[in-house]
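Position chains B and C relative to chain A; hints supplied.
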Amino acid sequence: MENILEVKNLHVTFSTYGGNVKAVRGVDFHLKKGETLAIVGESGCGKSVTSNSIMRLIPNPPGRIVAGNILFNGEDLTKASEKRMRSIRGVDISMIFQDPMTALNPTLTIGTQLIEGLVQHHKVTAKQAKRKAIEMLELVGIPNPEERLKQYPHQFSGGMRQRIVIAIALICEPELLIADEPTTALDVTIQAQILELFIKIQKETGVSIILITHDLGVVAKIADRIAVMYAGKIIETGTKREIFYEAQHPYTKGLLHSVPRLDARGDLKPIDGSPPDLFSPPIGCPFAARCPFTMEVCDNVFPVQTNLSHHHIVNCWLQDPRAKKSKSVRITVDGRQPT
Amino acid sequence: MLRYTLKRLLIAFITLWIIISITFLLMISVPGSPFNTDKTSNETVQANLEAHYNLDEPYFIQYVLYLKSIATFDFGPSIKQPNQTVNDLLGRGFPISFELGMITIVVAVISGITLGIFSALKHNGIIDYLAMGFAVLGISIPNFILATLLIQKLAVDYSIFPVATWASPSHMVLPVLALATGPMAIIARLTRSTMLEVLTQDYIKMARAKGLSPWKITIKHALRNALMPVVTIMGTLLAAILTGTFVIEQIFAIPGMGKYFVESINQRDYPVIMGTTVFYSAFLILMLFLVDIVYGLLDPRIKLHKKGGK
Amino acid sequence: MKADRDIEMNPASIPDEWFELKKKDDRDREGIARPSLSYWQDAWRRLRKNTMAMLGLLFLILLGVMAIFGPMMTPYEVNVQNLPNQYQPPSSEHWFGTDSAGRDVFTRTWYGARISLFVGLVAALIDVFIGIVYGGISGFKGGRTDNIMMRIIEILYGIPSLLVTILLLVVLGPSLFTIILALTITGWVGMARIVRGQVLQIKNYEFVLASQSFGGKSSRIIRKHLLPNTMGPIIVQMTLSVPTAIFAEAFLSFIGLGIQAPFASWGVMANDALGAILSGNWWTLFFPAFFISFTMFAFNVLGDGLQDALDPKLRK
Numbered sequence: 001m002e003n004i005l006e007v008k009n010l011h012v013t014f015s016t017y018g019g020n021v022k023a024v025r026g027v028d029f030h031l032k033k034g035e036t037l038a039i040v041g042e043s044g045c046g047k048s049v050t051s052n053s054i055m056r057l058i059p060n061p062p063g064r065i066v067a068g069n070i071l072f073n074g075e076d077l078t079k080a081s082e083k084r085m086r087s088i089r090g091v092d093i094s095m096i097f098q099d100p101m102t103a104l105n106p107t108l109t110i111g112t113q114l115i116e117g118l119v120q121h122h123k124v125t126a127k128q129a130k131r132k133a134i135e136m137l138e139l140v141g142i143p144n145p146e147e148r149l150k151q152y153p154h155q156f157s158g159g160m161r162q163r164i165v166i167a168i169a170l171i172c173e174p175e176l177l178i179a180d181e182p183t184t185a186l187d188v189t190i191q192a193q194i195l196e197l198f199i200k201i202q203k204e205t206g207v208s209i210i211l212i213t214h215d216l217g218v219v220a221k222i223a224d225r226i227a228v229m230y231a232g233k234i235i236e237t238g239t240k241r242e243i244f245y246e247a248q249h250p251y252t253k254g255l256l257h258s259v260p261r262l263d264a265r266g267d268l269k270p271i272d273g274s275p276p277d278l279f280s281p282p283i284g285c286p287f288a289a290r291c292p293f294t295m296e297v298c299d300n301v302f303p304v305q306t307n308l309s310h311h312h313i314v315n316c317w318l319q320d321p322r323a324k325k326s327k328s329v330r331i332t333v334d335g336r337q338p339t
Numbered sequence: 001m002l003r004y005t006l007k008r009l010l011i012a013f014i015t016l017w018i019i020i021s022i023t024f025l026l027m028i029s030v031p032g033s034p035f036n037t038d039k040t041s042n043e044t045v046q047a048n049l050e051a052h053y054n055l056d057e058p059y060f061i062q063y064v065l066y067l068k069s070i071a072t073f074d075f076g077p078s079i080k081q082p083n084q085t086v087n088d089l090l091g092r093g094f095p096i097s098f099e100l101g102m103i104t105i106v107v108a109v110i111s112g113i114t115l116g117i118f119s120a121l122k123h124n125g126i127i128d129y130l131a132m133g134f135a136v137l138g139i140s141i142p143n144f145i146l147a148t149l150l151i152q153k154l155a156v157d158y159s160i161f162p163v164a165t166w167a168s169p170s171h172m173v174l175p176v177l178a179l180a181t182g183p184m185a186i187i188a189r190l191t192r193s194t195m196l197e198v199l200t201q202d203y204i205k206m207a208r209a210k211g212l213s214p215w216k217i218t219i220k221h222a223l224r225n226a227l228m229p230v231v232t233i234m235g236t237l238l239a240a241i242l243t244g245t246f247v248i249e250q251i252f253a254i255p256g257m258g259k260y261f262v263e264s265i266n267q268r269d270y271p272v273i274m275g276t277t278v279f280y281s282a283f284l285i286l287m288l289f290l291v292d293i294v295y296g297l298l299d300p301r302i303k304l305h306k307k308g309g310k
Numbered sequence: 001m002k003a004d005r006d007i008e009m010n011p012a013s014i015p016d017e018w019f020e021l022k023k024k025d026d027r028d029r030e031g032i033a034r035p036s037l038s039y040w041q042d043a044w045r046r047l048r049k050n051t052m053a054m055l056g057l058l059f060l061i062l063l064g065v066m067a068i069f070g071p072m073m074t075p076y077e078v079n080v081q082n083l084p085n086q087y088q089p090p091s092s093e094h095w096f097g098t099d100s101a102g103r104d105v106f107t108r109t110w111y112g113a114r115i116s117l118f119v120g121l122v123a124a125l126i127d128v129f130i131g132i133v134y135g136g137i138s139g140f141k142g143g144r145t146d147n148i149m150m151r152i153i154e155i156l157y158g159i160p161s162l163l164v165t166i167l168l169l170v171v172l173g174p175s176l177f178t179i180i181l182a183l184t185i186t187g188w189v190g191m192a193r194i195v196r197g198q199v200l201q202i203k204n205y206e207f208v209l210a211s212q213s214f215g216g217k218s219s220r221i222i223r224k225h226l227l228p229n230t231m232g233p234i235i236v237q238m239t240l241s242v243p244t245a246i247f248a249e250a251f252l253s254f255i256g257l258g259i260q261a262p263f264a265s266w267g268v269m270a271n272d273a274l275g276a277i278l279s280g281n282w283w284t285l286f287f288p289a290f291f292i293s294f295t296m297f298a299f300n301v302l303g304d305g306l307q308d309a310l311d312p313k314l315r316k
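Protein chains in written order, with UniProt numbering: chain A, 1 to 339; chain B, 1 to 310; chain C, 1 to 316.
With the rest of the complex left out, here is chain A (with noise of 0.2 Å):
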C-alpha cells in the first residue's frame, strides 16, 4: 500500500524570551492509507506539535518548521505557499480539536460552521449544501438534523458537539483526518462513544487518521499502528500488538505500566521524574535521566535506531549487542526494577 503521508527529519523549534524551545527534534514516521496511527506521549512531549505542522497551523512567531519535509501524495507541505495549503485544509487534510466546548464558535449557528469549509472550497449551492450538511450529521449520530442545523452551540452536549466537530471536519470528504485528544475532554462512556464513531466513519469513507493521545485505552481501540513520542522525537514505533506486548524501551514499558489494565497483574508504577527542560535538550537520550537503566552511554550519545521486525523500530540502547554483553545490565534488566 502506499503511504499517504511521510514525515521526514521534522525540526519544529518556538522563540520565546526565555530563548528557543525545540519542541519537535527530528521526527519520522509514515501513514498508509486507510490506516490508523496512533502518536502517543506525555503532555509537552511535541506530539500536538507535530500535528499542527503537518497542517502548516504552528503560529509563526514564534513558532517554526527549521528542517525535514512532511510529504503528503507526494508534495512537500514544508515548501507549500500559504494559498495552497488553505486549498489543502478542510478539503485534503482535517483536524480535530481537542475540546468540543471551545472548538465551535458560540455565536454562529452550526449550520454555518458546518457548511462553511464546504462553501468556501467547493462551489455548492445553498441547498447543495444543507443536503451535504443533514447527510453528515446523520453520518455522525446527530438525530434531528434539520432542526438541529440552526442551533447554536450550547444548546448540545459536550459528545453531541465533538460529532458536529468531526461533521465539520469530514464534510470535504478529506483523506487524512487528524485528531488531536479527540475523546480528552469527554466522559468515559461518550469517549466509546466517539471512539466507535471514529472506526465506523473510517470504515465507510477509507479516510486515514492520526490520532494524537496520551491514552493507550484509546489507542488499544482503534490505532493499527504506535508511535510512541517523548521531549521531541520519537523513540518507539511498531504495531498496537508489538507496542503492547512487546515493547522494547523503558519509557513505553514505563507507560504501559502506568495504566490501569485488566489483563494484567500488579500495582500501577509511576514513572519518577518529569521530562527534560527542552530549551536545553540532553545531548544524549533524553529519557536517561528518569530511566531505572541509564548506561554512561546514554548520557552522552542519543541511541541509534534498532529494527526489530518490519515496523518495530525502537532508540534505546539497551538493543545495542554490547548492552546485551555488559554483565550489570544484564542482571537489573532481567531481574526487573534495580535497587
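No wet-lab data here; the hints were simulated from the structure. None of these values were measured; they are calculated from a predicted model. Take these hints with a grain of salt, some might be off.
Below, in silico cross-link-like pairs of lysine-lysine (BS3-like), each with a Cα-Cα straight-line distance of 30 Å or less [unchecked claim]:
(1) A:32 - A:83
(2) B:216 - A:79
(3) A:130 - B:220
(4) A:200 - A:32
(5) B:216 - A:132
(6) A:123 - A:203
Non-contacting residues of chain B with respect to chain A, defined by C-beta distances greater than 12 Å in every case (computed) [claimed, not checked]:
(7) 10
(8) 20
(9) 71
(10) 80
(11) 82
(12) 94
(13) 177
(14) 203
(15) 213
(16) 291
Backbone N, C-alpha and C fix where the C-beta goes; we use that ideal spot for every residue, glycine too.
Just chains B and C now, kept in the frame of chain A:
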C-alpha cells in the same frame, strides 16, 4: 429574549426611581435648598417654585407630585433665571450636547476598534507598541487638560481650527478630539485584549483548519466575539462622554446643556441641578438598557440563560 | 564526560565500558535545579522585567517622597498671596514660577500631590474594603443571598456615578471628606463584582473543598484560602482605581466643586490656571496638568504590569 428584555427594563426603572428618590431626599434635607428656606430673591421665582414643587404640602405629597411631574417630563423652573424652566434649558442645550456626544462616540468607536484590531493582528509589532503606548497616554490625560493643550497648540499657536461656539464642522474638530481620545483609547485596549484572547480560541484554529482565509476568519469568527465586551462597556463610556461634555463645553464655550449645567452648579441653582441630573440619569439608563438589548441580540447564549445578563 | 565527535559519527567506536549501568547515586539528578519561588516572588520577578511598570513605580515613589518633603524645600507658604509677585516664570527663586496670586507653583504642586494621592489612595482603599466584604459575602454565601446582592449591584451599576457625586457635593459642599465620600459611594461596585467573580471561581477548587470537608470554618476558609487567591485581581483593580479617583477629583475641581482652600489640589490649580495659559503663562497650567497626567499614567502602566505579573496565564 422577551423575558430578558422585560427584566432589563424593570431594572432600568428601579435604578431611575432610586436616583429620583435620592435627588428628592438630598434636596429636602439640606439647608440652603429652596425646599427649606422661604427666602428667594425674586417673587416670581418663589411663586413658580411653590407652584411646581407644592412646597406647602407635606413631604410625602411633594414626593409623589414630584414623581408625577417627572413622569410627564416636566423638570421644573430655574431659580436664578426667572421665567426659565429646566425644560427650556434642555430644549436649547441638549440637542447640541447630544450632537457633540454622538459624533464623539462614533469617532471613538470606529477609531478605537480599528486601532485595537490592528494592534492585535500585529501583536508585539511596532504598530502594536505605538498604538498601545498611545492608548495608555490617552487614558491618562484628562480630557480637560487635552482640550486646553489642543486649544493652545492648534487654535492659538497655529490657528488651524477655530474655537468657541458650535457653528461649523471645523468648530467641532477640537472638542470632539478632546472628548473622544479617552474612550477611543479604552476601546482600543479592550478590543486588542479580547481580540488576542479570541484569536487563541480553538474555534479560530478550527476555522483555519477548514482552510478559510485570514480575512474571513477575522471578520466572521474573531471580530464579532471580540466586540461583545466592547458593547458591554458602551454604557460606561457614554456616561464618561456625557460628563466629559460638562467641561469640554465650558472650555470651548459651546452653548450645550453641559455648559448650562456647570453654570447652574456654580450658581447653586438647585432645581436646575436636580432636573438636569434626573434627565441625564434617565438618558444614560435608557442607553444602558439599549446596550443590554444589543448585547442580547449579539450573543445567542443570552436567550436560553435563565439568569440573563452575564 | 563529553561525547567525542567521531563517536557521534560512528556509534561503533563507543567504548564498551560505557555500556555498564550507572549506579543510582552517581547519576546526576536534573530537572529539580530551578529553585521554586513563591507566588509573590515569582510575580515580583516578572514585574521587574517590565520596564514601563518599573518606571511607573519609580515615578510614584519619587512623587510620594516629594509630596512629603517637597514643600519643605522652599521658604514659601502654600496659600500666602503675594500679588506684586504674580506670574513669575520659572527661575532659581521660583522653580516652577508663580501663579496669578503670586504663590509659588513648586510648593503648591507638592501640596497638590498630597491631596491627589490622599484622595486617590483613600478612595481606592475604601472601595477595596467595601468591595471585598460585599463581593466576598455574595460569592461565598451563594444561592439566594448572592442573587439578591447581585440584583442590588445591577441596579447600582446603572447609576451614573459622576452625576451622583456632583449632586452630593452640591448638597454637602465640597471638602476633603465629602469628595472621598462621594467618590466611594458608587466606586466600590466594580470591585465587589470582581471579588465575587474570583470567589465563585475559586470556591469550587479542590483545596477549598478539601478544607471544608475537614470541617474548616467559613471564616477560616475565607481568610486562609480565598483571600490570598483573590488578591491578584484586587490589587490590579485597586491600582487602576487610584487614577480614576484622581481624575474625578480634578474633574470636580474643574467644574467648581473642588477642594477648597487651605488645600490646593492639582485640579484646583489647573482650573485656576485656565485663563492664564492663553496669556502665555504656561507654567501655571503645565505643572499641575503634567503631574495629573503622569500620575495617572504611572498608575495605569503599573496596573497593567501588575496584571501581567500576577496572572501569567493572561499574559498578552
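Here is what the structure says about each hint:
no., hint, in the structure
1, A:32 - A:83, "holds (26 Å)"
2, B:216 - A:79, "holds (24 Å)"
3, A:130 - B:220, "holds (19 Å)"
4, A:200 - A:32, "holds (18 Å)"
5, B:216 - A:132, "holds (22 Å)"
6, A:123 - A:203, "holds (27 Å)"
7, 10, "holds (25 Å)"
8, 20, "holds (37 Å)"
9, 71, "holds (39 Å)"
10, 80, "holds (52 Å)"
11, 82, "holds (57 Å)"
12, 94, "holds (36 Å)"
13, 177, "holds (34 Å)"
14, 203, "violated (4 Å)"
15, 213, "violated (6 Å)"
16, 291, "holds (17 Å)"
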